[in-house]
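Peer 1: Please model the complete structure; the sequences and the hints are all you need to start from.
Counting from 1 along the sequence shown, just add 38 to a position and that's the residue number in my numbering.
Lysine-lysine pairs mimicking DSS-like chemistry, simulated, CA-CA at most 27 Å apart:
hint, residue 1, residue 2
1, Lys-119, Lys-66
2, Lys-98, Lys-118
3, Lys-44, Lys-98
4, Lys-79, Lys-114
5, Lys-108, Lys-79
6, Lys-114, Lys-66
7, Lys-79, Lys-98
8, Lys-122, Lys-98
9, Lys-66, Lys-118
10, Lys-97, Lys-44
11, Lys-122, Lys-66
12, Lys-97, Lys-122
13, Lys-97, Lys-119
14, Lys-108, Lys-119
Don't read these hints as lab results, they were simulated from the structure.
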Amino acid sequence: MELSQKHQEIFRSECNVLSQAVLGSLLKLAENPRDSQELSKLVQSADTIMGGARFLDDKKLEQSATDIVKSFTGTKDVRKKIEKFGAAFEQFGLLVGNSGACPKGYVLKDGKCVLDIRYKVKN
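Peer 2: Here it is as structure tokens:
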């Protein structure tokens with residue numbers, strides 16, 4: 039099924055917003071791997087991206103989202119999973135970075151969202 043330009047833009051926009059959520063969740067889980075709500079948010083966002091990426095025929099984004107859903111669903115050891123996801127960090131960071139938007143506490147550098155060392159996270 040061929041999508042109109044308007045529908046492609048809608049799916050791209052949704053995937054971008056959800057990619058920000060995925061990137062933010064991965065970063066938060068790296069700091070607090072026991073946050074079950076954040077883990078649920080990560081899996082749900084990645085699952086929704088899978089569908090949008092299929093419509094857009096973006097195989098790389100679809101695979102990254104699929105990998106996250108498969109790896110993080112039902113996991114107990116989030117730290118080990120996060121260590122394996124350098125490529126997913128980069129994929130979602132690039133998508134977010136290409137739109138010029140990074141999650142709070144991060145800045146765009148060389149086309150990627152990186153931790154803003156000037157930003158202090160409050161616990």
